[in-house]
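Knowing the structure of chain A, use the given hints to seat chain B on it.
So the sequences go chain by chain: A and B. Per numbering that gives the first Met the number 0, residue 0 is the first one in the first sequence, and the count goes up by one each step. Per numbering that gives the first Met the number 0, residue 0 is the first one in the second sequence, and the count goes up by one each step.
The hints are all genuine.
Cβ pair distances, simulated, as ranges:
{"no.": "1", "chain 1": "A", "residue 1": "213", "chain 2": "B", "residue 2": "16", "range": "56 to 64 Å"}
{"no.": "2", "chain 1": "A", "residue 1": "86", "chain 2": "B", "residue 2": "293", "range": "51 to 59 Å"}
{"no.": "3", "chain 1": "B", "residue 1": "243", "chain 2": "A", "residue 2": "76", "range": "39 to 47 Å"}
Covered, in the sense of this in silico footprint (three residues per stretch, anywhere, with C-beta under 8 Å from a C-beta of chain B), are these stretches of chain A:
{"no.": "4", "region": "105–115"}
{"no.": "5", "region": "162–175"}
{"no.": "6", "region": "201–210"}
{"no.": "7", "region": "222–232"}
{"no.": "8", "region": "236–250"}
{"no.": "9", "region": "265–276"}
Treat the hints as calculated values from the structure; they're not laboratory data. Even for Gly, the Cβ is constructed at its ideal location relative to N, Cα and C.
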Amino acid sequence: MKRRNSSALFLHVRQVDSCPGSPITRQSSTISIAGVSSETLSNKTPTPGSAFLQCAACKKIIFSVDFEQNLRVCPYCGHHHRLPSRLRIELTFDEGSFQEMDQELRSVDTLEFPEYTEKLTTAVEKNGPNDSVLSGLATIDGLGVSLAVADFSFMGGSMGSVAGEKITRTLERAADQKVPAVIFCASGGARMQEGLLSLMQMAKTTAAAQRASQAGVPYIAVFTDPTMAGVLASYASIADVILAEPKALVGFAGLRVSKQAGVGKVPDDFQTAEFVHKHGMIDRIVPRKEMRTTLSTLVRILGSGARAEQQALL
Amino acid sequence: MAKTHKEWERPLVELEENIAKLKEVARRETDPAKQERHERDIAKFEEGRDRYIDLMYANLGPWEKVLVARAERRPYTLDYVQSIFTNFVELEGDRRGFADHAIVGGPALLEGRPVMVVGHQKGRNIQERQFRNFGMAKPEGYRKAIRLFDMAQRFQLPVISFVDTPAADPGVESESRGISEAIAAAMFKMFELTVPTVAIVIGEGGSGGAIGIAASSRVLMQEHSIYSVIPPEGCAAILWRAPERGPDAAKALRLTAQSAQEFGLIDEIVSEPRGGAHRDPVEAAALVKSALLTNLESLAGLSGDEMRTQRYQKFRSMGTFESL
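Isolated chain A, as found in the complex (with noise of 0.2 Å):
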């Protein structure tokens, strides 16, 4: 990973203004990220319609085809780009059984917080209503799944009351419909613009979490790049398994805040996917084409207690 690289970094940061979950801090002159992996952010998605993309990891050109058939991940050196939420389901879920649900849901600007409102409508605008998380029903190789997706691109993945909602909700309809819960996170960590009332969402999120595992549902969180700080630190960390993209960001606290803290030199892959998994944080870092059969697989074994019970009901 180049993120320690400073022109990485200054290259990265002024494009994640909009991104302001906790650990993202700058200062006049020096930069420094937490919650955010450089590289992928200054070309994310690919211009539609162009035929080639520079890997933003290893600025090799790739052909667009091979790009998406290899599910946005480079062909010569592996990186794994972000992915918009409905792709990622697409990719993931049995094609056409996702039904979305919550997309009522919008935030408000509760606390008139500068900029708030300008900024929910930029991202709007660019990625759709659906805040950072998409979240509904679907099902993997047939079996049923409650589901939640991050999507970086709204607003740095940040958690604010809408994000919670939805958590909370994909955590409830898991354990009213006694069917595993998958959440995809990717995530700067909590929304500062809605202050206290993000701070508790990280409450709320895990007290679902908590009532999903005392329903007998498996809960399986996926870390993909970036999962930080308020989301690291509640619903995310006590999933029943946790599956990570390799060499996602994942984190508590920003570089920033750990060099503030007196922390000197830290190791090289410090706060990487593989990082938390040496450490025994995690239970596997799972390439993205792999990931729809171990879910599955997962989904099929640890899901078939809650199964007998639903069947049970009907």
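Just chain B now, kept in the frame of chain A:
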């Protein structure tokens, strides 16, 4: 704008020093007439000081609240533990190989009633601050808290949390041992409890580090405490690339107890003595104690299941959005 509480309170401290000097002069004065004049002056100055304190504290802006909440002289968790409870026995260690001193806890008696106490602890001098890691708990702190929550559940003890942390520890060690998981697991555990739980923010309610031990049935804040998703300096650094604009960020974040109450995110504001808890720690402790007792009392009638449901619903309802 003042950067520290000390700086902000300097005029007041100077006034108090002068009053003390005048008192000394009066004490040494042998002429009764002159002494009487001094006494009158002292009374006048003291009245002025009180008016000044009232003025300062009646109009505390969000940034001043931040300064007061962080004040070095403000009572910390163990100060409250000492004055509110009896027979406190501190229990230590996470039983996983590590010990943390930024979170303290153990069983104690509250008016003779057994409870479990957990809280962040800051230090007042350099050695203490290092020992307490500036009140920033590492994973082992939250894992110790989980152990105490578990014990509270088994032995049916109400849990009382004192919240006072700038943030959870952000270092390499903490990341390696899973600080995020530790915080999430602590909240998770709190939602499992069937015993009453009351949290009170007594200084800084610093984001994830704070909520990790504050997912409680009742959440209280002292009048001049703060509760925030991000430190104002960090917020200013992100928003305006200017950490020195902390005062503006403090305003934007609505991090005061009064705002938290307005948004329905806390249950009660606990008043502080004139001029803040640090001016009269004894009175401050009495007010906290009385609030704890009232809130525990109000939860006493609930069954274990009701306790859990109440807590779930309380946090479930937090958040504001439009539903089209």
